[in-house]
Amino acid sequence: MSSFWTAALTIAVKDMKIEWRTKTAFASAIVFAVLVLAVFYFARDPTAVGALDIAPGALWVTFTFAAMLGLNRAFLLESENRAMDGLLLAPIAPSAIFVGKFLGNLAFVGVVELVSLPLFILFYDLPIIRQLPALVGVIAMATIAFVAVGTLLSAMVVRTRFAELMLPILLLPFLIPPVVGAVQLTSRILSQRPLSDLAGWLKLLASFDIIFVILCFFLFEATLEE
Amino acid sequence: MKRVEPALKAQGVTRRYGHRVVLQDVSVEVSGGEFLMLVGHNGAGKTTLIRVLAGLLKPSAGTVQRSGATGMVAHSSMLYDALTARENLAFFGRLHGHNDPALIQRVLEQMGLAPHGDRRVATFSRGMVQRLSIGRALLPDPELLLLDEPLTGLDDTAAATIREVLHDLQQRGRAIVVATHQLAELVDLASTVGFLVGGRLAGLEPVAGRDGHSVMAHYRELAANV
Chain Z
4 MSSFWTAALT IAVKDMKIEW RTKTAFASAI VFAVLVLAVF YFARDPTAVG
54 ALDIAPGALW VTFTFAAMLG LNRAFLLESE NRAMDGLLLA PIAPSAIFVG
104 KFLGNLAFVG VVELVSLPLF ILFYDLPIIR QLPALVGVIA MATIAFVAVG
154 TLLSAMVVRT RFAELMLPIL LLPFLIPPVV GAVQLTSRIL SQRPLSDLAG
204 WLKLLASFDI IFVILCFFLF EATLEE
Chain Y
4 MKRVEPALKA QGVTRRYGHR VVLQDVSVEV SGGEFLMLVG HNGAGKTTLI
54 RVLAGLLKPS AGTVQRSGAT GMVAHSSMLY DALTARENLA FFGRLHGHND
104 PALIQRVLEQ MGLAPHGDRR VATFSRGMVQ RLSIGRALLP DPELLLLDEP
154 LTGLDDTAAA TIREVLHDLQ QRGRAIVVAT HQLAELVDLA STVGFLVGGR
204 LAGLEPVAGR DGHSVMAHYR ELAANV
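Protein chains in written order, with the numbering used here: chain Z, 4 to 229; chain Y, 4 to 229.
Derived from the structure by calculation, the hints contain no laboratory data. All C-beta atoms, glycine included, are put in the ideal place defined by N, C-alpha and C. Treat each hint with caution, since some may be false.
Claimed, not checked - One-sided and incomplete, this derived list gives chain Y residues near chain Z with beta-carbon spacing under 10 Å:
hint	residue
1	Y83
2	N91
3	F94
4	F95
5	R109
6	Q113
7	M219
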């Protein structure tokens with residue numbers, strides 16, 4: 004394995020190990036996810052609003068904001084004791100740091116989604132076994148998009164005084180396209196609409212993934228300069 | 004005869020933050036076995052100079068050349084509190100391309116931390132953190148070691164261990180640059196002293212048997228004349 008991937012995976016594994024040990028962000032994200040799903044569930048009048056009308060929105064509000072808790076933590080970890088300086092002193096490409104943090108964040112958000120998804124299915128009583136692979140695919144695509152942008156912005160704001168407030172302010176506008184796409188696709192998948200109905204939104208999500216992952220990869224080094 | 008390249012060569016280094024000039028036209032050269040002690044009041048630019056020399060900050064003007072691996076010890080430990088001492092060293096070791104548990108054990112022993120290798124850094128005293136931080140900096144077997152106030156907040160035993168390590172490195176032909184207020188404790192190791200006044204290198208002189216008091220007295224003279 005090249006030193007680039009060794010470094011990236013080392014950073015990702017380190018982040019996961021620290022999160023596993025402290026469970027700081029994970030516990031908050033899971034509590035938040037359960038709370039949001041429960042609020043949406045109890046706020047709905049089942050006689051007036053169908054589960055399929057509210058479920059896609061509830062799912063993506065849950066995922067997006069729960070993920071933000073983890074993204075916020077990603078670079079705060081590196082600013083404590085200025086560990087980021089230790090990474091920058093190592094003979095590795097700055098983009099390897101981005102890829103490592105991106106993979107670590109992806110794992111974190113993936114686990115949060117893995118725990119929240121069964122709760123979502125349970126709350127909304129959705130018979131979606133057949134649609135599950137498609138739904139998981141959409142979740143993966145949208146997650147890649149907002150974790151890439153979130154990782155870059157998290158690195159940008161970590162040196163500001165109000166990093167935890169700044170991240171949502173900067174990140175949310177970027178999330179509109181992938182989250183709108185994900186909500187639309189989720190809604191169509193849950194309604195069992197034909198594949199042709201999904202093509203447009205899938206293309207948007209795929210384009211967002213490709214463009215933003217590449218853009219964030221190349222822009223990351225600029226965020227490191229003081 | 005083959006000319007030996009200096010471990011560190013900085014020429015005309017200037018660093019600005021906006022309009023504020025923190026370092027101005029600083030030039031230093033440090034070869035293997037040489038120990039440069041940087042002296043200056045708070046705000047004289049010592050920390051900025053160390054960060055520029057390490058490559059963590061880009062100079063606004065001038066150049067910095069390092070001939071080999073660089074280790075750095077700063078005010079902050081650059082360590083992860085949630086990981087054990089051994090895990091921290093293993094992590095940074097991997098980033099430097101050294102994935103040898105025997106090396107990690109050797110560094111822990113050298114820093115007197117072998118019995119505490121499997122304890123989390125969060126449980127360490129300030130002296131232990133500082134020793135581990137030096138151990139982290141030694142992992143790549145650096146040609147050049149940069150230290151910013153390495154003895155601050157340490158008791159006599161911890162300070163003696165660090166002095167011993169620095170002496171050993173100097174004997175092994177490593178170049179060392181230390182920014183410090185604690186002249187008395189390091190002046191007998193130093194070969195050269197650099198006087199930083201208001202971001203300028205007001206003097207670069209051999210220590211030549213001077214003690215901490217006379218070095219400081221000379222600094223005050225230089226500061227009064229600038």
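Here's how the hints hold up against the structure:
no.: 1; hint: Y83; verdict: 6 Å, holds
no.: 2; hint: N91; verdict: 9 Å, holds
no.: 3; hint: F94; verdict: 5 Å, holds
no.: 4; hint: F95; verdict: 6 Å, holds
no.: 5; hint: R109; verdict: 19 Å, violated
no.: 6; hint: Q113; verdict: 19 Å, violated
no.: 7; hint: M219; verdict: 29 Å, violated
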